[in-house]
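J.: Protein chains in written order, with the working numbering: chain A, 3 to 394; chain B, 292 to 448; chain C, 2 to 597.
None of these hints come from the bench; they were simulated from the model.
Incorrect hints may have been included.
As the list claims (entries may be wrong) - Negatives, chain B to chain C, calculated, CB over 12 Å:
| no. | residue |
| --- | --- |
| 1 | K301 |
| 2 | A336 |
| 3 | E407 |
Said to hold, decoys possible - List of simulated lysine-lysine pairs, BS3-like, C-alpha gap at most 30 Å:
| no. | chain 1 | residue 1 | chain 2 | residue 2 |
| --- | --- | --- | --- | --- |
| 4 | C | K351 | C | K228 |
| 5 | C | K569 | A | K389 |
| 6 | B | K391 | A | K190 |
| 7 | C | K351 | C | K474 |
| 8 | A | K178 | C | K175 |
| 9 | A | K261 | B | K323 |
| 10 | C | K477 | C | K301 |
| 11 | A | K276 | B | K416 |
| 12 | B | K301 | C | K301 |
| 13 | B | K393 | A | K250 |
| 14 | C | K502 | C | K228 |
| 15 | C | K175 | A | K188 |
| 16 | A | K139 | B | K301 |
| 17 | A | K178 | C | K474 |
| 18 | A | K357 | C | K33 |
| 19 | C | K294 | A | K357 |
| 20 | C | K175 | C | K88 |
| 21 | C | K188 | A | K171 |
| 22 | C | K294 | C | K477 |
| 23 | A | K188 | C | K18 |
| 24 | A | K171 | C | K175 |
| 25 | A | K220 | C | K57 |
| 26 | C | K502 | C | K188 |
| 27 | C | K82 | A | K178 |
| 28 | C | K502 | A | K188 |
| 29 | B | K393 | B | K301 |
| 30 | C | K188 | C | K227 |
| 31 | A | K389 | C | K134 |
| 32 | B | K416 | B | K391 |
| 33 | B | K391 | B | K301 |
Since we're looking at a predicted model, the values are computed, not measured.
The C-beta atom is built at its ideal place from N, Cα and C for all residues, glycine as well.
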Amino acid sequence: MTKNLKRLDLIFKNEGDSEAILGKTLARSNEELISDLIASGLKGRGGAGFPTGLKWRLAADDKADEKFIICNADEGEPGTFKDREILTSVPHKVLAGMAVCARIINCRQGFIYLRQEYTYLVPHLNNAIEEFHQLMKKFEVDFQVEIFMGSGAYICGEETALFESMEGKRGEPRNKPPYPTNFGYKGKPTVINNVETLAHTYSIFKYGPEKFRDLGVKDSRGSKVFSVSGDTPIPGIYELEFGMTLQKFVDDFGDGDAKAVQVGGAAGFCVPRKRFEKTIIGYQGKLTGVSLPTGGSMMIFNSSRSMYNVLHNYLDFFVEESCGQCTPCRVGTQQLLMGIQAVKRGERPSTYLDKLLGLAEVMRVTAKCGLGQSVANSFSSIVENFKEEMIY
Amino acid sequence: MSPIQEIIQKVSASHGTERESLLPILQAIYAKNHILTEEDMIEVARELDISAAHVYGTATFYSFLETQQSGKYIIRLCRTITCMMHGKNIILQELERLLKIKPGQTTPDGIFTLTETNCLGQCHKGPAMLVNDTPHTDLTPESIREIIDKYRREALQ
Amino acid sequence: MSSQVTLKIDSISVSVKQGTSLLDAARSINIKIPTLCHHEDLCVAGNCRVCMVEQKGSDRLLPACAIPASDGMEIHTNSMKVRNARKQILELLVSEHRAECTTCYKSGNCELQELSHEYILGENAFINLIPFKEYTIDYYSPSIIKDDSKCIRCQRCVRTCDQLQNIGALTVSKKGSEMKISTFFEKPIYQVVCTNCGQCVNRCPTGALTEKNYVEEVWSAINDEKKYVVVQTAPAVRIALGEALGIDPGEIVTGKMVTALRRLGFNSVLDTDFTADLTIIEEGHELLQRLKKVLKDKDKNVRLPMTTSCSPGWIKFIEHIFPDFLPNLSSAKSPQQMFGALAKTFFANKIGVDPASMVSVSVMPCTAKKFEANRPEMYSSGYQDVDYVLTTRELALMIKQAGIDFKSLADDNYDSIMGESSGAAVIFGATGGVMEAALRTVYEVVTGREVPFEGLNITPVRGMEGVREATLKIDKALPEWDFLEGVEVKTCVAHGLANAKRVMESVRDGSSNYHFIEIMACPGGCLGGGGQPIPTSPEIRNARSSAIYREDTLKTIRKSHENPEVVKVYKEFLGEPLGHESHRLLHTHYTPRERY
């Protein structure tokens with residue numbers, strides 16, 4: 003198989019120099035570090051793609067006496083497993099990123115919110131945290147990290163739902179504003195970053211912002227860890243450069259018969275074969291074609307797959323994982339699921355799909371959080387591109 | 292002190308008796324007993340000085356906390372898309388055949404509970420399942436038989 | 002940072018205080034944005050998504066209730082996109098709602114119904130989800146019916162129970178399609194810590210939470226020639242009933258109500274205000290007795306502060322949450338129950354009716370009264386003292402059923418005896434009223450003089466502040482009460498159980514040292530009771546409150562002990578306050594309940 007895409011090795015490379023790198027970084031000024039982050043163009047690797055440097059600065063600017071840094075390891079997006087790999091291979095990079103952030107925003111307590119499905123990683127992580135605490139002692143930094151376990155709720159990956167969960171409540175997203183950098187966990191200014199984002203900050207502090215910025219295109223900079231699954235001979239984790247076309251991706255990873263790729267998990271978009279060439283992987287809306295990398299989930303479907311079944315599976319997921327508080331998401335997901343079933347069974351005319359597409363659009367513009375808003379992504383892209391499969 | 296109170300005391304010793312320790316307490320009780328009972332939740336509500344209804348409301352939000360008795364080993368088979376594509380249904384059939392139960396049920400000997408769950412984050416090695424906290428991946432009907440055998444032997448020891 | 006922000010709503014420029022929601026900003030220029038989960042008494046939830054508006058330059062719509070207005074915003078509340086979104090959200094809500102309006106108790110007063118009508122929802126827009134769902138209807142409580150099939154998950158009830166009452170009997174359980182409003186382990190309401198206050202009922206936008214109605218039972222009694230049906234009406238009913246019959250909040254309709262009750266066919270139309278006066282006599286003397294035992298006799302077995310006992314929501318609350326303070330509760334029954342006990346004894350005897358054939362009905366602003374009437378403690382006449390409790394809303398329905406044009410009714414007076422009342426009884430309906438009424442009497446008993454407030458209006462205990470304190474210094478006490486000379490009687494008034502909890506916690510931890518505490522379970526007191534016309538809001542409750550104090554000043558008799566019928570009932574029947582007959586009929590005790 004030809005390999006078009008350059009495989010990168012920034013995130014997972016372990017050169018055993020983390021103590022030195024951290025020491026060197028902590029010796030620099032807050033302003034320098036934030037400037038580096040902003041210059042690197044790093045954006046959140048969890049979903050929304052918020053510029054990381056700006057997020058840290060906003061939290062640093064708040065003068066509250068208690069603040070928190072939280073590493074979001076509630077990786078639940080279907081088809082995403084890169085955070086697990088990062089925490090398994092290079093937890094010290096994530097912890098180092100947290101320590102630098104803590105120093106910059108002036109906070110003493112950090113948490114890793116780990117999904118319960120990854121409980122088996124806890125002993126390993128606790129070892130890493132133990133070593134990290136020794137390091138903190140050595141550097142005379144007053145900063146502790148604790149693991150907080152999730153309990154099986156996809157929605158807790160949404161940052162404000164995660165705070166609610168940590169506060170001992172139902173993981174229901176809050177109204178925004180206020181935003182976490184002012185009003186996060188326990189109402190205190192909180193930086194919440196995805197596992198991969200924190201690991202990238204380590205690379206940026208290690209190699210400098212230029213090296214990161216040189217990768218990628220336009221405003222989608224750096225490398226990205228992709229979780230590749232589905233109809234591929236080589237499923238797994240790959241660090242690739244932003245800006246590739248989906249065609250090149252499929253050439254590298256597909257089984258030769260790819261008819262669609264789901265980019266960004268169930269919350270992402272389904273791209274049909276005819277759009278592979280025009281679709282560039284980067285942050286949404288800034289590049290030609292679509293695509294939201296969010297967690298970097300890439301699921302490949304070959305022509306043997308029924309896209310109706312795929313959509314059905316996603317909707318089953320959303321119907322169950324919606325927190326249920328807001329109307330468009332709670333009821334909308336149920337209506338989309340029952341709607342496609344009714345059309346498939348001939349209980350509703352095929353034109354009912356148009357009504358459902360309208361509903362998905364309403365969900366996108368009215369739902370309270372990213373979950374409800376993004377159901378439309380997969381729904382509309384699958385229904386519009388594979389209408390026949392929905393009906394017959 | 293009841294065993295539940297002991298768990299609560301132990302967890303709140305490190306997490307405090309604020310509401311923030313609710314999930315860790317419920318998790319600890321569930322990990323030990325594989326059930327959250329009315330009495331447990333009342334005890335927790337009392338300790339944290341919150342409404343029992345809210346303890347219930349919070350617990351039932353989370354898929355990994357259940358108010359029904361589960362077996363010694365809780366099998367959570369991933370039903371999300373890529374595991375589905377790679378033969379999750381065959382695995383489920385095999386599990387049902389081996390255990391003689393359907394998803395949501397517990398074997399009469401109280402050893403196994405079978406459930407389906409959402410994405411386990413093992414998509415590149417599907418089909419996948421968790422048995423309690425341990426992931427098992429690249430499942431085949433053959434490997435399932437071995438895995439179940441292993442746990443059954445462990446339970447009977 | 003400027004404290005005002007200026008924005009445009011539907012092209013109209015408006016300046017509002019920073020932090021004002023888009024919803025309130027729009028209201029300030031008389032633009033109504035529809036809402037369902039929003040309620041003025043509660044914190045913002047932002048979960049129904051009906052109040053969505055469009056902001057120029059923004060792709061997503063904004064929930065007007067949850068987004069603060071900011072400078073330079075251009076908001077459109079009536080664009081195509083907005084109307085389409087609202088309509089579809091309403092369609093979604095209707096699809097999970099058992100929309101059987103013709104048989105729904107809440108029909109005609111349902112916010113979902115009203116909006117569905119406004120937005121012209123077509124039939125079968127989305128798939129009706131109700132046949133695919135399991136739902137329960139809990140009608141085991143004597144007070145409240147909870148019908149999950151009508152619930153739209155707006156969580157107003159949960160917020161009410163948490164924020165106003167601090168009980169948390171209701172919660173949100175499960176998630177996704179299974180998310181619902183639950184009690185602890187889905188138990189029936191009568192088995193949990195619910196106080197039956199009905200504040201959730203008052204705020205439920207649909208028919209998911211309603212009072213259990215006894216309209217048919219009361220009609221049957223009225224139409225049964227062998228029965229003699231007496232009716233009593235609580236102080237707060239007369240200032241709110243009109244709202245349910247097309248009259249503005251704040252109008253006093255006592256006379257019309259009496260006429261209507263006669264027209265409905267009640268044999269005797271009597272007044273709970275009469276027993277409110279009686280309550281003051283009994284409770285006032287109990288307070289004095291306690292003060293004497295504690296301050297003079299140094300009796301360690303007697304507890305202060307004494308707390309009022311006329312709010313049945315509060316009674317159940319203290320039984321559940323502060324059972325150790327039950328001895329502090331005045332043993333005087335509530336006016337409703339004093340009335341019931343006297344109706345089937347004194348009154349039955351007076352009019353020559355066999356109490357066995359008497360049916361005692363009360364009209365109350367309250368859902369907890371339904372529970373109270375069914376308490377095992379409330380059989381001191383030898384029968385159930387009060388047979389049926391109707392809310393203000395149920396009475397309005399009966400008046401409508403009877404084809405009575407309420408607005409055009411002439412005024413009439415209550416029957417005698419047990420129909421006369423003082424202004425002190427009238428103000429029982431407002432928070433602080435029982436305290437004020439008690440002080441008017443107690444001060445006079447102790448000093449022989451009227452309370453030192455102009456026009457007898459003890460304004461420090463009035464108002465809508467959640468917790469209010471007032472001190473009354475006893476000056477020139479009569480010889481019998483010389484131990485009270487110079488004593489500053491410390492009083493406290495709280496309404497809403499969240500405030501009650503704060504007060505009781507201060508009593509428990511010793512940070513307060515009150516002698517007498519008035520507690521009403523509902524915001525504003527009985528005027529904001531769970532059985533009052535819907536909707537409720539601070540504005541409506543203020544209007545009702547003004548009406549109550551107006552009614553007080555209109556009364557010729559302003560003090561309970563001067564009510565001639567009260568004087569008469571002691572002379573002819575009860576003997577003296579706290580006497581043997583009083584204890585048998587007018588006092589009771591309560592039992593601790595589990596908090597969890």
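J.: I'd like to know which numbered hints this structure contradicts. Please list them from smallest to largest.
T.: Of the numbered hints given earlier, those the structure breaks are 2, 5, 6, 7, 9, 12, 13, 14, 17, 19, 29, 30 and 33, listed in rising order.
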